[in-house]
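Trainee: Here is how the chains run, residue by residue.
Number of protein chains: 2
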Amino acid sequence: MLKFDRELFVQALNEGALGKRGELERVVDEISGKGFSNIFLIGSGGTVAMMYPFEYIFKSYSALPVRAEIAAELLVTDNRQLTSKSVCIFASVTGTTKETVAAAQFCREKGATTIGLVGIPGTPLAEAVDYAITFGREKHAFDVFYLQLQILTTRFLQQNGEFPQYEQFAAELAALPQGMVAAMEEFDARAEAFAIKHRETDYHMLVGAGNLWGNTYSYAMCILEEMQWIKSKSIHAAEFFHGTLELVEKDTSVILFKGEDATRPLVERVERFAENITKELFIIDTKDYALPGISEEFRKLVDLNVNWALTSRISAYLERERNHPLEIRRYYRKMEY
Amino acid sequence: MLKFDRELFVQALNEGALGKRGELERVVDEISGKGFSNIFLIGSGGTVAMMYPFEYIFKSYSALPVRAEIAAELLVTDNRQLTSKSVCIFASVTGTTKETVAAAQFCREKGATTIGLVGIPGTPLAEAVDYAITFGREKHAFDVFYLQLQILTTRFLQQNGEFPQYEQFAAELAALPQGMVAAMEEFDARAEAFAIKHRETDYHMLVGAGNLWGNTYSYAMCILEEMQWIKSKSIHAAEFFHGTLELVEKDTSVILFKGEDATRPLVERVERFAENITKELFIIDTKDYALPGISEEFRKLVDLNVNWALTSRISAYLERERNHPLEIRRYYRKMEY
Numbered sequence: 001m002l003k004f005d006r007e008l009f010v011q012a013l014n015e016g017a018l019g020k021r022g023e024l025e026r027v028v029d030e031i032s033g034k035g036f037s038n039i040f041l042i043g044s045g046g047t048v049a050m051m052y053p054f055e056y057i058f059k060s061y062s063a064l065p066v067r068a069e070i071a072a073e074l075l076v077t078d079n080r081q082l083t084s085k086s087v088c089i090f091a092s093v094t095g096t097t098k099e100t101v102a103a104a105q106f107c108r109e110k111g112a113t114t115i116g117l118v119g120i121p122g123t124p125l126a127e128a129v130d131y132a133i134t135f136g137r138e139k140h141a142f143d144v145f146y147l148q149l150q151i152l153t154t155r156f157l158q159q160n161g162e163f164p165q166y167e168q169f170a171a172e173l174a175a176l177p178q179g180m181v182a183a184m185e186e187f188d189a190r191a192e193a194f195a196i197k198h199r200e201t202d203y204h205m206l207v208g209a210g211n212l213w214g215n216t217y218s219y220a221m222c223i224l225e226e227m228q229w230i231k232s233k234s235i236h237a238a239e240f241f242h243g244t245l246e247l248v249e250k251d252t253s254v255i256l257f258k259g260e261d262a263t264r265p266l267v268e269r270v271e272r273f274a275e276n277i278t279k280e281l282f283i284i285d286t287k288d289y290a291l292p293g294i295s296e297e298f299r300k301l302v303d304l305n306v307n308w309a310l311t312s313r314i315s316a317y318l319e320r321e322r323n324h325p326l327e328i329r330r331y332y333r334k335m336e337y
Numbered sequence: 001m002l003k004f005d006r007e008l009f010v011q012a013l014n015e016g017a018l019g020k021r022g023e024l025e026r027v028v029d030e031i032s033g034k035g036f037s038n039i040f041l042i043g044s045g046g047t048v049a050m051m052y053p054f055e056y057i058f059k060s061y062s063a064l065p066v067r068a069e070i071a072a073e074l075l076v077t078d079n080r081q082l083t084s085k086s087v088c089i090f091a092s093v094t095g096t097t098k099e100t101v102a103a104a105q106f107c108r109e110k111g112a113t114t115i116g117l118v119g120i121p122g123t124p125l126a127e128a129v130d131y132a133i134t135f136g137r138e139k140h141a142f143d144v145f146y147l148q149l150q151i152l153t154t155r156f157l158q159q160n161g162e163f164p165q166y167e168q169f170a171a172e173l174a175a176l177p178q179g180m181v182a183a184m185e186e187f188d189a190r191a192e193a194f195a196i197k198h199r200e201t202d203y204h205m206l207v208g209a210g211n212l213w214g215n216t217y218s219y220a221m222c223i224l225e226e227m228q229w230i231k232s233k234s235i236h237a238a239e240f241f242h243g244t245l246e247l248v249e250k251d252t253s254v255i256l257f258k259g260e261d262a263t264r265p266l267v268e269r270v271e272r273f274a275e276n277i278t279k280e281l282f283i284i285d286t287k288d289y290a291l292p293g294i295s296e297e298f299r300k301l302v303d304l305n306v307n308w309a310l311t312s313r314i315s316a317y318l319e320r321e322r323n324h325p326l327e328i329r330r331y332y333r334k335m336e337y
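From first to last, the protein sequence lines are chains L and R. Residues in the first sequence are numbered from 1 upward in steps of one, following the UniProt record's numbering. Residues in the second sequence are numbered from 1 upward in steps of one, following the UniProt record's numbering.
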């Protein structure tokens, strides 16, 4: 596969997430032992989008009040729910994202317990939090974060008596990196064909729901807009019918992120509509991939990791076909504002 | 002003919201007297967007757990926070929005206490809830809802000991309809000029934050996309810098919704960036309007009503300039999906 090192990918997930299982569990157990009143999942851009799936998973499994918050907004709002009894979880690949670091300091000053998932040790975010989980690399950092968050989230659920399947789930996660690679290999030719066909397409509509809504939002904003400078609209599948549908014409590119949680029927409803209107409907369905070693009941939890991995294949080919490296920015971190 | 009847507007707000103050207070007081554990603000499209400001206001003022939810997603998700101790608030202009009606029935079956804000009495939503607040008209229904929600929200806060200024605030609201009309009259020429200039513009970026984020999302989706078939991207001011900024070029239309709550600096940051890049920056700032009778400390609560009213003037002129009636739909309620 273009620009993909299978060994490196599996190694990153094994070392960065699965190998940190004991450390992640100790953090959760210590915090759960002391007790807390709510959990905040805090990030900026891609990292807050990465928190949305876990906010949704908590909602579906737990009576714990959990809320994702944009770091910069949290900083200016006197959020009355944020107290010394709160647990705040942050993530930053570089460990230097300004608002995220400031938000971690802010929450710590309020007396909240802070956990930071950080690519690079010794960086400002790693220094600002009570518990820093670092793994020493930027490559595949989001895949690592997603897997770390799976462990953190389900461990919190288990400690709260809401996920007795934890041991089995955590053990099965060991099979996920290989399953993700196999899924990417299977999807790769479709990703390449999509990028070739849509080399010149200047607008995409992305639709998702439930625990894939964060990925939908993120792929539109952080990949298509930020890294490819292509206009894109992310819209929740349930909201699609309250406005955005009116824009769909016979050649509109509509990308559906189909997952396996309870919101799947909402995405299928968009599919039934879109397949009658546009010939440019592209569906990424995690159900198409086997994931050996993952029990049926857990697929609805890890579909987000698989979806994330699959979409990275599109990015690799868009970069080549559009001759537009994913790293160039016009403005971000290039000017003051 | 084009397609605007000043008397009718003030009458709608007076009868539909201010005249319902006693009824709204009795509902809140009865529910607060019995006790409850959390509040859900539930809608679809424009009506869930209308709930976002109040979710934000609760967050800033209250320790009560309050969450806005998309009706269709709530219906398929087994939300563990939704119990017989929950209060669920719904709104629908026609009283017939399918998912909203189904969600009201669903919440009531769970034993939750349900409140419905409904344009038309005797409709399915009005029948499905424990407390229906109806006002008998569709015209200006959103302006009425916003004002009803101001009363409901601040009354809940007062009953929870978090808004001792309630009596003064509720009394001052009587001056708001006239203040909104004066603001619209002042803004009207700018709205017309914008519509003339952007008659052919095929993409707008809308940016807002805090209690104007819902309006930002809604104007993009429900007006520009649904009613004018113009591509648009709504982006939270804090998230703008994590992707969408890269799309801004010298002729990109960027519309800023500037309000008066704690998130104003986030929008000002976008302003500082955008004014250096595009010549098509259009700012709608509620601070520019006097609002006689409204105390300084309450402006940050009612900026969302004012912003909503101002943007309606743009819609009126876009409709005329683009010769595209706000009522035509290609697909919504015209086909099955």
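Please keep in mind that the hints were generated in silico from the structure rather than gathered at the bench. Watch out, some of these pointers could steer you wrong.
Which copy? The list can't say, so a pair holds if one copy fits it or any two copies do.
[What the hints assert, rightly or not] List time: in silico DSBU-like cross-link candidates among lysine-lysine, alpha-carbon distance up to 30 Å: (1) 250 with 197; (2) 34 with 85; (3) 197 with 287; (4) 334 with 110; (5) 300 with 110; (6) 279 with 139; (7) 334 with 279; (8) 197 with 85; (9) 250 with 85; (10) 34 with 287; (11) 3 with 334; (12) 98 with 250; (13) 98 with 279; (14) 300 with 98; (15) 98 with 287; (16) 34 with 197; (17) 197 with 98; (18) 85 with 3; (19) 250 with 287; (20) 334 with 300; (21) 250 with 300.
Trainee: Please go over all the hints and tell whether each is borne out by the structure.
Mentor: To see whether the hints hold, each was checked on the structure:
1. 250 with 197: both (15 Å within a copy, 29 Å between copies)
2. 34 with 85: both (10 Å within a copy, 27 Å between copies)
3. 197 with 287: within (24 Å within a copy, 48 Å between copies)
4. 334 with 110: neither (32 Å within a copy, 52 Å between copies)
5. 300 with 110: between (35 Å within a copy, 25 Å between copies)
6. 279 with 139: neither (36 Å within a copy, 38 Å between copies)
7. 334 with 279: between (39 Å within a copy, 20 Å between copies)
8. 197 with 85: Answer is neither; intra-copy 52 Å and inter-copy 52 Å both fail.
9. 250 with 85: neither (53 Å within a copy, 47 Å between copies)
10. 34 with 287: For residue 34 and residue 287, the Cα distance exceeds 30 Å both inside one copy (39 Å) and across copies (46 Å).
11. 3 with 334: Result: close within a single copy only, 26 Å intra versus 46 Å inter.
12. 98 with 250: Between copies, since 27 Å is at most 30 Å while 43 Å is not.
13. 98 with 279: between (42 Å within a copy, 28 Å between copies)
14. 300 with 98: between (33 Å within a copy, 27 Å between copies)
15. 98 with 287: between (38 Å within a copy, 29 Å between copies)
16. 34 with 197: For residue 34 and residue 197, the Cα distance exceeds 30 Å both inside one copy (55 Å) and across copies (60 Å).
17. 197 with 98: Cα proximity of residue 197 and residue 98: none, with 38 Å in one copy and 38 Å across.
18. 85 with 3: neither (45 Å within a copy, 53 Å between copies)
19. 250 with 287: within (27 Å within a copy, 43 Å between copies)
20. 334 with 300: Cα proximity of residue 334 and residue 300: none, with 40 Å in one copy and 33 Å across.
21. 250 with 300: Answer is neither: 32 Å inside a copy and 44 Å across each miss the 30 Å cutoff.
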